[in-house]
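S.K.: One-letter residues, chain by chain:
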Amino acid sequence: MKILVCITNVPDTTSRIAFINNDTEFDKSGIQYVIGPYDDFALARAVELKEELGGTVTALNVGEAYGDPVIRKALAIGADDAIRINSFPKDSFFVAKQIAEVVKKGGYDLVLMGRESSDFNGGQVHGMVGEMVGLPVVSPVMKLDIENGKAKIAREIDGGKEFLEVNLPFIAGCQEPIAEWKIPNMRGIMSARTKPLQVLEPVGDETRISLKKFSLPPEKGEVKMIDEDNVEELVQLLKNEAKVI
Amino acid sequence: MHNKFTNFRETETTRKSRPMETKVERQAIKGGEFLIRETLPEEIFIPEEFSEEQKMMAQACQDFIDKEVFPYQDRIDNMEEGFMAGLLTKAGELGLLGVSIPEKYGGLGMSFNTSMLIAEVIGSAGSFSTAQGAQTGIGTLPILYYGTEEQKQKYLPGLASAELKTCYCLSEPDAGSDANSAKTKAVLTEDGKFYSITGQKMWISNGGFADVLLVFAKIEDDKDLSTFILERSFDGITMNEEEKKMGIKGSSTRQIFFNDCKVPVENLLGERGQGFKIALNVLNIGRIKLGVAAIGACKHLIDLSVNYGIERKQFGKSIVEFGAIQHKLAKMATKTYACESASYRAGQDIEDKIDALIKEGMDEQQAKLKGLEEFAIECAIIKVHGSEILDFAVDEGVQIFGGMGYSAEAPMERAYRDARICRIYEGTNEINRLMLVGILIKRAMKGELDVMGKAMAVGKELQSVPSFGNGQGGGLFTKEKETIKNLKKIILMVAGDAVQTLGVAMKDEQEILMNVADMMIEIYLAESTILRTEKLVALHGEEACESQINMSQLYLYEAVDKIAIAAKEALASFSSGDKQKVMLMGLKRFTKTELVNTKKLRRQIARKMIDNKGYAF
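Those protein sequences? They're chains A and B, same order as listed. For the first sequence, numbering that gives the first Met the number 0 assigns the number 0 to the initial residue and increments by one for each residue that follows. For the second sequence, numbering that gives the first Met the number 0 assigns the number 0 to the initial residue and increments by one for each residue that follows.
The set of hints was computed from the structure by calculation and includes no laboratory data. Careful, some of the hints might be misleading.
With the C-beta cut set under 8 Å, the calculated list includes, among others, these residues of chain A facing chain B [as the list claims (entries may be wrong)]:
| # | residue |
| --- | --- |
| 1 | Arg-71 |
| 2 | Lys-72 |
| 3 | Ile-188 |
Predicted model, so just to flag it, every value in this text is computed and none were measured. Just so it is clear, CB atoms sit at the ideal spot from N, CA and C, and this is done for glycine as well.
Full structure from sequences and hints, please.
M.R.: Structure follows, in structure tokens:
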């Protein structure tokens, strides 16, 4: 089983978010980066599948060198090698294009990634990659097993559960509870430094989205607590004060 | 998972200047030498220099604690059957127990400072921290340092993987601080194949589930202890129920009885009569590790306090916005920063000494022991300081939490109880204080440290006209460094004169020894803090290090007063007349400092913590 896991390099979820240059650029100073939480689930499942079925896991990141510690963490968790496409991930299309190039050349049985990144939360990359390389895409994938060369997938949908079977190779956008996050063990961390990390230059620079401006969500207002028996007051407030009903 | 261990992002410049990877040759310094030698910032290691790999290890430990320990504190404290042993097994799977064990025995063979970093992170985990410390420190290291090849092969791989749990049996009902007075006996059987051990041990951490027991006992009528490796399966081992304790309730603590327990002669660890030495040397490691674990606990308490203080609103605003709370938070952080600075400085000094000894051809394990013995003074300083700042932090933590601090529903109540043991175990803080001054005096007498020469120079200086104009100039910490030099002179003046006046009787004047110890602790901490910040500023500039500069100034400012009080107490107790007058004038001269606006400094430090929602340095 040859597995490719695409990982994003995103600000730690507890980071303080700020913008610079007239709110056109994210302020990276002092930000700590982590593996995108959804990608972390995908990576954990990939490592489990490797342990079950044998094979290799390659971690792929589209990003600049400051993200190398995050890639090395993926190697520490259990990826065998890694590829970094040396460019800032400009938009979903650009990232998908880079991933597609690697997928085309790599001959992978399985391409896993998070269902979305936790910075821009576009949720489009897996779909685009599928289109570019002509492979089926399923997202979100909440349970994934490989049996007799086919992928058995389960996921929750509105009002129930859906079970799918997909031929390999295919592309999965993963989310919990596909696997539990893995804590790298000490030996894994020590061996990460000797595992290969290949840096490749990007293919093309076409993008489809241009960013105009960022803004922070408005501060949350004061919360009014209403007694659970006092439904009338709630209705009054929603009608007259919040004016939403 | 929150990434805590990357406060300063690495730049190309810092990476290149980081000594861990390039392994810069440092000149190994002597233990205790800080008192008579000026240290340069580039000579010390600072925690900001930990490599990406070391930080990743620390983060993995933090993730483990967050996932496996914090959510289950109640189950741990209730001593749920098998839970703690299971946690140790999980920690073993992650490699957290084999950090100091060489690779050929199934461990990871990491550097001393890496093992310190891991101890720091685990330090926030209360009972688990004690269990992990007992397993990896006092329970494992005697075998590693003194074991025969067969003993190492037999036990170390299991100890690294946690397949074997271990405990260290030294204390007895009548032998605590005076460990060498233990009554447990070992008698050689007639066939010469076994030692029969009989006696009683108490306060044995991990006693309830340990498979391997390191037992200290006296062979026949020996004056000194010997050490034996026992296995739980041996006949004649029984134990009492779990002790009911104030804190670390989840840590198994038992009394263990040995009744004609037959131990094969090959299970004698080290040489006959070497046990007390083994106990003391291993405790040096336990001490510095306990100190560094206290730092981890302090950081955790600070994070909790800051976040609670942000959420808790009174008089229409978060209580962290009030000066009284900011004052507390800044003090907690300053002490923690100081202890961290001293711990990793000492940790690296130990590592450098070990490297130097290995280079000279010494066996690796012997070199480790010697390296630690060399820095026994620093190990004791860090144990005492760490455990005392933890008690300070936890007390203020409870205060910031207010009523909730006193409620068992919030984490502070447990933390308050858990912290208290740290001033008692691994040698009480009193024993550590006496010991650190004792070692200094011994080394001075032997001529290993030129304390007397330096003390005489201070005596001469007291007779001369004070020089003015020192400490002038605009550089960062110019005045502070002058103050540090002067504070060292006070210690040399007081300790030197006390030894001269009292001679051998000084060993019975424990109050004076305590005064000297307090002064040594403060000077080591204050100097380490200044040196760390100076090194940081060189890497990142003054603006980025504003809080660190403020903390360094604050720490020193308070240290001056503490040293002055200790010096006065000591001088009043053994000196008199003109000599006393001259020394009091010297004291006044050497403690002269300018007034510092501590409120302003503390507010800046607190603001940084509020903005970053925790300990941010």
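S.K.: For every hint, state whether the structure bears it out.
M.R.: Okay, the hints, checked on the actual structure:
Nearest Cβ of chain B to the Cβ of A/Arg-71: about 7 Å, under the 8 Å cut. The hint holds. With 8 Å as the threshold, the beta carbon of A/Lys-72 comes within range of chain B, its nearest partner Cβ sitting at about 6 Å, so the hint holds. With 8 Å as the threshold, the beta carbon of A/Ile-188 comes within range of chain B, its nearest partner Cβ sitting at about 5 Å, so the hint holds.
Of the numbered hints listed earlier, not one is contradicted by the structure.
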